[in-house]
Structures are given as C-alpha cells and as structure tokens.
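*Asks:* Construct the entire structure; sequences and hints are all you get.
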Amino acid sequence: MSELIVTKDDVDALARYAGLPLSDERKQAILPILQSWVPAANELNRRMAQDEVREQLPCTIFAFGNRG
Amino acid sequence: MDLQELTLAQAAAAVKKKEVSPVELVEACLDRIEAVNGKTSAYISVFADQAVQVARASEAMMMAGHDLGALHGVPLSLKDNVSLKGQRTTAGSKVLADWHPDEDATVARRLRSAGAVFVGKCNMHEFAWGGTSDNPHYGAVRNPWNTDKFPAGSSGGSGVAVAARSCYGSIGTDTGGSIRLPSAVNGIVGIRPTYGRVSNHGIIPLAWSMDTAGPMTRTVEDCAIMFNVIAGHDHRDPVSSQQPVEDYTRDLRLDLKGLRVGVVPGYFFSHLQPAVHDAVRGALKKLEELGAVVIDVPIANIEGNISAQLTVESVEPSAYHQKWLRERPGDYGEDVRALLETGELLLATHYVQAQRYRALLRQEFLEAFKRVDVFICPTLPFTATDVGAMKVVIENGQEEDMLSAIMQFTGVPSLTGLPSLNVPCGFDQQGLPVGMQIIGKPFDERTLFRVGAQFEGATEFHKRAPGI
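First to last, the sequence lines map onto chains A and B.
Take 1 as the starting number for the first sequence in my numbering and just add one per residue.
Take 1 as the starting number for the second sequence in my numbering and just add one per residue.
Worth flagging that the hints you see were computed from the coordinates, not collected in a lab.
Warning: the hint list may mix true and false statements.
What the hints assert, rightly or not - Each computed SDA-like pair below joins lysine to any residue, with the alpha-carbon atoms no more than 25 Å apart:
#, chain 1, residue 1, chain 2, residue 2
1, A, Lys-27, B, Glu-246
2, B, Lys-323, B, Val-352
3, B, Lys-370, A, Lys-27
4, A, Lys-27, B, Gln-322
5, A, Lys-27, B, Ala-348
What the hints assert, rightly or not - Covered stretches of chain B (chain A as the covering partner; in silico rule of three or more C-beta atoms under 8 Å from a C-beta of chain A):
#, segment
6, 301-311
7, 356-369
Backbone N, C-alpha and C define an ideal beta-carbon position, used for all residues, glycine too.
*Replies:* See the structure below:
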C-alpha cells in the first residue's frame, strides 16, 4: 500500500474541520509533525483492524472499585 | 556534618535525633539554590523566607516532642504543575503565569502532613508537554553534570534540583516518561507509580489516561520513604485506586536470589548509544551476580508503542487546551503550540486504535509477568544532548526527532499503566549519567524498590556528585 503524504492542503482541511484557525505559518510549522506521525498512526490503524484483534476493547480510565 | 551530602533518610533521621535542626537543613538548601540556580534555572519559585519560618516551627515542634512524621523538617521541592495553596503555580507556562491555587494538591498536602518543608517549585517543560525542559518563559533548565547539556523532561527542574543537592527530594509528574527521563539524565532515582496509585488531584493534567506523579530522589531508600507518604486512595481523584498500600521500604534489604528479570529480545537492546548499551548490559550482569535470573520474554506487539504514545499524548492535551489555544495561542512556546495544534488534527480513529493497542500491549505484558518478576531495559537510548537540540544521534550518525527517540522505552509503562523505576547504572565517556528502567507488575512498587536498592547497594554510581 502506498503511504499517504500529508500536504499543506490536508492541514488546511483538517484545521477547518476542527474549527482551529491557523495561519499559513502555523500550517507550515505543524506539517512536518503530521508528515511524520500520520503514516505511523495509519500503520497502527491497519494492525488494529486485523481479524486477530477484532474483539480488542480500547482501554478506558473508568476504575470501578479497582482492586487490580 | 556536610548537610548537602546527606540523603533524605539521613537528614530525616538526624532531625529526629535532634542532631540537626530543620532550620539548618533549609538554610543549606537555600544556600545551594542561591549558588547554582543561576546556572541551572531549576527553580521557578523559591520560598526563602517562608521555608525558614516553617523550619523554625518544625524545629520547635520537634524539640517539644511533636514528631509530624517520616519527613519532619526535610526540605523538598515540587514540580510547578503541582498546586500549592496560595503559591504561584505556572506549569511552566505563560498561560498560568499568575495562577495561585486555593488548595494544595493531594501529594503536597500529604508531604506537608508528614512534616516536609517546601523550599521551592521547579521549572519544567511547558505544561509537561515535551522532554527537554527547554522552557521559553522561565529559562532552559541545564544539567548539573554539564550545563551545556539538557536535563531531559518534563520534570527537568526537579531532576536538577535533586542532583545538585538543593533539596532532598522532589515531586515530578510522568505521562510519557517525565519522571524517569530526567532521573536517568541527571543520575538520580525516580519512580512512575502504577496508574492510580498516587493521586493526581490538584495537578495540572497533560494526558488524563496516562498522567501520574511520583518522587525523585538521590537514593532508592529515599524514594521509597517519599512513596510511603504519597501513595494511597484519594476520593478527590476519580481514577485513584482503592488497592491497599504497603510499606514500600519493607523489602529494601531482601536479596535477589531467584528473582526473574525479563528482557524483550530485539527491542530492549537495539537502537542504543554504545555507552547506554554497555551500562545496562553491565547492570544485568551485576543483577545476575546478586542471584537474579535473566530471561528473554518476547512481546509480540511491542513495535508501534511510540506511535500510540504520540497519538494519545497529543490528542488528550489538545482537548484540555482547546479554549486557551484559540484565545491565547501566542502565550504558548513554539514547540508546545505546534504539538497542541497537531493533536487537534489527528483522527478519532487514530486515537481509538491507539487506545485499543494500549489494552493489547497491557494484556501481553500481564501475561509475560507470569514468567518474570520485573522487566529491565534502558530508560532512554542516549545520554544528555546539548541544550536546545531538537534532534539526536543514536546510531549510524543519523539524526532523529528528539520527541520520538526519547520515548523508545518509557512509553511502554506509560501506555500499559505499569510502574517503573529509574536507577543510575553508569556513565558515558563524557561523564554523563546512564539510567536503567525497572518495570513491574501493577501495584508491585515494593519489588521495584527492592531490585533498585539491591543494585544500588552493590554499585557506586549513585555516590558520584555533579561538579557544579
């Protein structure tokens, strides 16, 4: 699978969806972080979508009577 | 008596025997802060007059036969994201530059109740979101072993304050490694407790599902003494555990014969600077000499933990900071602002899959703990880098991003909620400290202190002092 490369247009769209006003300078500042993190996060997404972990629940921070 | 060279345990014992006054201890710490804080920027606030006043009262109470507890008259510091009633608590930020909480954090209240005297609040990475303590508002914290080097973070000020002998212990907070990393890089001891073992009430959060608080000290015994004071259920923290507490000093002198030490093959000793590799391998050999048995224990899904860590540790703070980030974006330092903006743009599925991965990794470690008592690995793969560096070279001359690189080993306990203890285990060729991380079963901090204390007793690394 060819890996996504995050672009400045992607940052622009995501920031609009998030309601986060970002100047061009701010978009440029976070672009390299997203370019590094998103492919790794997508790789983890693919792993966690496999059949063998289909039943895996997410961890939560509810602690009812924790005697753990 | 050289007061600055006393351990916390020795200082507390000397006060109880009336061999030394709390006033003398506090004045020794304040003198030391005066001498070194200009070079290290370890403290944001120093309570010189108030600490002396409290120490005088503490002395009077001891002389009158009123012993407040294990820390009576002992000077300590707090990371500046831990609330102290009436005292400025900034979290290393401009956003909270003038915030004065109206109550103590639970950890501060418990320490105070046990007789501790607070001498100041320590500098840190802004809002604890980073591993360098290069703070744009209160100055870059500098390592006492070499002030051109960083102290790691985010509890960098606490690590430096303890290593530089300006207090007998400090409280740090640890989300992705922020107690263990500065403990390793400054050559001291620090514990990240089991998630929920120590109350987070009154501590400014970073990432709720991973946040913890714990002691940073010069010796393992000191760490266990402080841990005894702060551990335990707190109804004001909704995730505080009801698991009963233990005496964490009880097993410090118990030998290691037959103790099973796990190592994850292919992960725990790969991608390291040679000095770190050699020091931690040497530590394992020493533990074997002490009677421990080292066992390879594979963890099938250990790869991927850094991505999960970055996702959770960025998304949760971005939720907490959402209002301030829109109203006062210019009040954040550049690196933290960029991380908070980034955290808003990751997808919900990235976050949930990271949380599912955490549960999977935790199950694999709990299963592995049927075969071993502890795991041991380096705390971080490199020794202190230059102040201000955003990249680090670990092997093959290749530069890597600091934030990802620094979490290589500390992310595992953070994601799984397991306790872990940093203990000094060597020095590199420049004389910079190396730390090893001992990871334990949930609520088994006592075994971590036992292993750390036995190793410490058989080595000299903790006895070296920085030359500052």
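*Asks:* State for each hint whether it applies.
*Replies:* Verification of the hints:
1. Lys-27/A - Glu-246/B: With Cα atoms ~50 Å apart, Lys-27/A and Glu-246/B exceed 25 Å; violated.
2. Lys-323/B - Val-352/B: Holds. Lys-323/B to Val-352/B sits at ~23 Å (cutoff 25 Å).
3. Lys-370/B - Lys-27/A: Roughly 48 Å separates the two Cα atoms, so the pair is violated.
4. Lys-27/A - Gln-322/B: 17 Å, holds
5. Lys-27/A - Ala-348/B: 20 Å, holds
6. 301-311: holds (count 7)
7. 356-369: holds (count 6)
Hint compliance for this structure: hints 1 and 3 are broken, all remaining hints hold.
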